[in-house]
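Q: Sequence:
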Amino acid sequence: MRVANGLVLGDSAKEEMEETKNNDDNVKKNELNHKQGVDDEEPRNLVLNAASNLEEATLDGEAETNQRVEESDSSEDEVAPRNTVGDVPLKWYKDEEHIGYDITGKKIKKQARKDMLDSFLAGVDNSKNWRKIYDEYNDEEVELTKQETGLIRRLLKGKTPHEEVDPYAPYVDWFVWDDAKHPLSNAPEPKRRFIPSKWENKKVVELVRAIRRGDIKLDKPKEESRLYLLWGDDSSSAEKAPGINYIPAPKPKLAGHEESYNPSVEYIPTKEEIDSYKQMYEEDRPKFIPRRFESLRNVPAYENAIKESFDRCLDLYLCPRTRKKRVNIDPESLKPKLPSRKDLKPYPSKCYFEYKGHKDAVRSISVEPSGQWLASGSNDGTVRIWEVETGRCIRIWEVGEGVQCVAWNPMTGLTILAVAVGSDVLLLNTGIGDDEEQDKIKKLLHVEATSVANHSDHNASLVDWLQHDKYEGIRMRFLKTVTSVEWHRKGDYFSTVMPGGDSRGILIHLLSKKLTQKFSFKQHGIPVATKFHPSRSYIFIATKKAVRVYDLLKQKLMRKLEPSLREVSSIAVHPSGDNVIVGSREGKLCWFDMDLSPQPYRKLECHPKDITNVAFHQSYPLFASCSEDSTSYVFHGMVYSDLNQNPLIVPLEILRGHAATNGRGVLDCAFHPRQPWLFTAGSDSVIKLYCH
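Heads up, the sequence shown is in our numbering, so the first residue is 43 and it goes up one at a time.
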């Protein structure tokens with residue numbers, strides 16, 4: 043048997059001799075062709091290709107040759123010793139005189155190899171030399187047989203290795219089709235293929251519910267890498283951080299010549315320069331003062347080493363690592379474009395008139411609906427009626443206590459003045475008007491004894507309606523101090539506020555029938571003020587923390603406004619009824635658009651001290667606020683009929699003129715009903731009129 047490269051490649055020598063005799067004619071033809079140069083190159087190429095591909099392509103041949111090795115006799119092993127080194131690389135024996143060991147453990151000596159010239163001459167002399175290949179494993183030459191060369195030719199041509207195998211054998215149809223009248227299955231289509239599956243429907247419903255609950259998230263956020271290269275080149279860091287606008291870690295400042303232990307003379311500061319450093323700001327002082335030392339071992343420890351190391355760690359730790367895109371915006375462009383104040387005239391801007399006569403602080407003022415008369419109440423216990431244009435005081439009432447509030451009846455022709463004094467409310471006849479109007483007023487302010495007796499049980503727990511003994515009018519006696527009186531637009535109803543009255547803190551009175559009723563809703567907090575809606579049956583109840591809007595006809599809460607202020611001090615309603623301003627004890631003013639949100643549309647921080655009162659003008663787009671800082675602010679407040687357009691608020695003027703007394707400034711303000719004039723009442727006992 044012959045072995046080449048660890049594989050069995052031929053038969054026994056006896057079979058080769060018989061093969062040679064039988065094919066003598068073919069050999070002569072091959073010799074002739076070799077001399078003529080016809081088939082010289084093709085067999086050589088076949089042999090070279092066979093040596094590299096035979097091991098991988100012929101699995102069947104390998105199994106057959108392995109079987110031949112097992113059946114071979116030992117006589118040939120004695121003639122040709124076999125290498126037993128196993129599957130080891132032969133380069134290990136490159137520098138040795140042997141290539142391995144035989145079965146008995148003897149070294150197999152290397153044979154002398156022919157050089158290229160001898161091989162060429164041998165191929166010219168011997169026509170079968172092209173069949174010989176070199177077995178490197180056993181260090182010998184092996185000659186291929188005719189069957190093996192034919193096997194190699196078939197493999198190179200892409201055919202089956204064995205000639206008797208037919209890869210394209212005809213197909214044998216084993217199925218009998220003689221009696222087949224129907225296909226293999228003639229069953230009808232099942233019903234489940236035509237109706238939706240209920241199990242799939244249930245599964246889809248479960249998935250939809252899971253998506254709504256948030257258990258299944260369709261768009262998973264990308265996990266951003268939190269690893270950054272702190273020390274390295276900027277370019278390498280940017281390449282390793284794709285997808286983000288990367289910022290490299292801040293690099294420390296390199297040491298300069300002045301930080302050398304032996305710097306040049308020009309880097310060493312003089313004593314005068316060192317003393318001048320103490321006069322500089324801390325951020326302008328040099329961080330390091332150079333010094334000279336004879337040698338490096340004389341340099342002491344650096345006192346700021348730990349601090350600078352800590353600052354460096356903070357730089358590395360606190361650096362955001364992302365670059366923020368900054369947009370250069372002109373600060374002036376961010377300001378809202380407000381109209382010019384000249385285009386918003388007329389509005390009150392200067393003091394035109396002063397009303398003097400009170401001896402103490404003026405707590406409250408009110409303008410008569412026609413705009414001709416002005417009423418004022420003071421802490422000196424008097425109520426005065428002034429003529430607006432001349433400043434003449436035409437009437438004085440001595441009430442004996444400090445006046446909390448004065449309010450004119452809003453109906454033209456009913457010149458009735460409501461005055462809150464302590465725990466009483468006085469409804470006074472001012473005496474203004476013709477005889478017909480006076481007769482009507484006297485009838486309204488007359489309290490009959492029978493009427494009082496009929497309603498004595500009903501009013502006993504609320505308020506007593508009494509005829510005033512000294513002045514022509516009505517005296518209403520309450521249980522506690524009344525701080526505010528507010529008339530309804532029709533002039534027959536009015537409300538009073540008692541902050542300490544608990545459930546009876548807000549009462550509504552009917553003047554024509556001399557009746558009083560409690561407010562039917564629960565009061566959430568201490569009441570501060572009340573306002574009636576200008577056109578609807580609404581009432582605004584302002585407590586110290588919120589403002590609630592109730593419908594008196596439907597008896598239900600319509601809206602709750604949340605100013606988010608420390609304490610509400612005053613409230614005013616726009617003539618349209620859809621906008622409200624609220625003043626607070628912390629100097630903030632809130633504008634509410636009821637059609638927009640229960641939160642403030644605008645919150646203005648205008649006064650440094652408490653706001654005492656706020657007011658809207660009845661016809662001009664103006665509103666004002668007064669404060670204990672002795673100033674009054676006038677604003678332009680335009681409300682548009684288009685619901686898509688927000689109200690326009692523009693600050694116009696700051697009115698100064700009142701002197702602070704006992705830490706208090708302006709206590710009340712009111713607009714003229716027809717002119718753009720503003721009245722202010724101060725703690726200095728003066729009433730001022732501001733005109734345009």
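Check before you lean on any hint, since a few could be wrong.
Subject to a maximum C-alpha distance of 20 Å in a straight line, what follows is the list of computed DMTMM-like cross-link-like pairs (lysine to aspartate or glutamate) [unchecked claim]:
(1) K156 x E182
(2) K392 x D671
(3) K560 x E609
(4) K532 x D481
(5) K522 x E443
(6) K645 x D635
(7) K512 x D534
DEER-style ranges, computed between Cβ atoms [to be verified]:
(8) G542 x K398: 26 to 36 Å
(9) E431 x P650: 29 to 39 Å
(10) K259 x K384: 55 to 65 Å
(11) S465 x K398: 25 to 35 Å
(12) G475 x E443: 42 to 52 Å
(13) S465 x S412: 51 to 61 Å
(14) N686 x K555: 40 to 50 Å
(15) K379 x R251: 46 to 56 Å
(16) E178 x L198: 15 to 25 Å
(17) S606 x A701: 45 to 55 Å
(18) K645 x G475: 40 to 50 Å
(19) K596 x G542: 27 to 37 Å
(20) S465 x K384: 18 to 28 Å
(21) I258 x K596: 21 to 31 Å
These are calculated hints, taken from the structure and not from any lab test. By construction, the Cβ of each residue, glycine as well, lies at the ideal position given by its N, Cα and C atoms.
Q: Given a hinted range of 15 to 25 Å, is it respected by the beta-carbon distance of E178 and L198?
A: The hint (15 to 25 Å, Cβ to Cβ) holds, given that E178 and L198 are roughly 22 Å apart.
Q: For the pair K259 and K384, does the Cβ-Cβ distance stay inside 55 to 65 Å?
A: holds, 58 Å
Q: Taking 27 to 37 Å as the hint, is the beta-carbon distance of K596 and G542 inside that range?
A: Taking Cβ atoms as reference, K596 and G542 lie about 29 Å apart, which means the hint holds.
Q: Honestly, do G475 and E443 meet the 42 to 52 Å range at C-beta?
A: Given a distance of about 28 Å, which is not inside 42 to 52 Å, the answer is violated.
Q: Is it true that the CA of K532 sits at most 20 Å from the CA of D481?
A: With a Cα-Cα distance of about 19 Å, the restraint between K532 and D481 holds, given a limit of 20 Å.
Q: Regarding K379 and R251, is the given constraint of 46 to 56 Å on their beta-carbon distance met?
A: Since K379 and R251 have Cβ atoms about 50 Å apart, the given range 46 to 56 Å holds.
Q: Compare the distance between the alpha carbons of K156 and E182 with 20 Å, and conclude whether the hinted pair is satisfied.
A: holds, 11 Å
Q: Starting from K560, check that the Cα of E609 is at most 20 Å away, please.
A: Outside the cut-off at roughly 25 Å; violated.
Q: Do the Cβ positions of S606 and A701 conform to the proposed distance bound of 45 to 55 Å?
A: The hinted range 45 to 55 Å is violated for S606 and A701, with Cβ atoms some 33 Å apart.
Q: Is K522 within 20 Å of E443, Cα to Cα?
A: Cα-Cα ~14 Å, so holds.
Q: Is the Cα-Cα distance between K392 and D671 20 Å or less?
A: holds, 18 Å
Q: Can the suggested window of 40 to 50 Å be confirmed for the beta-carbon pair K645 and G475?
A: At 44 Å between Cβs, range holds.
In summary, the numbered hints that this structure violates are 3, 7, 12, 13, 17, 20 and 21.
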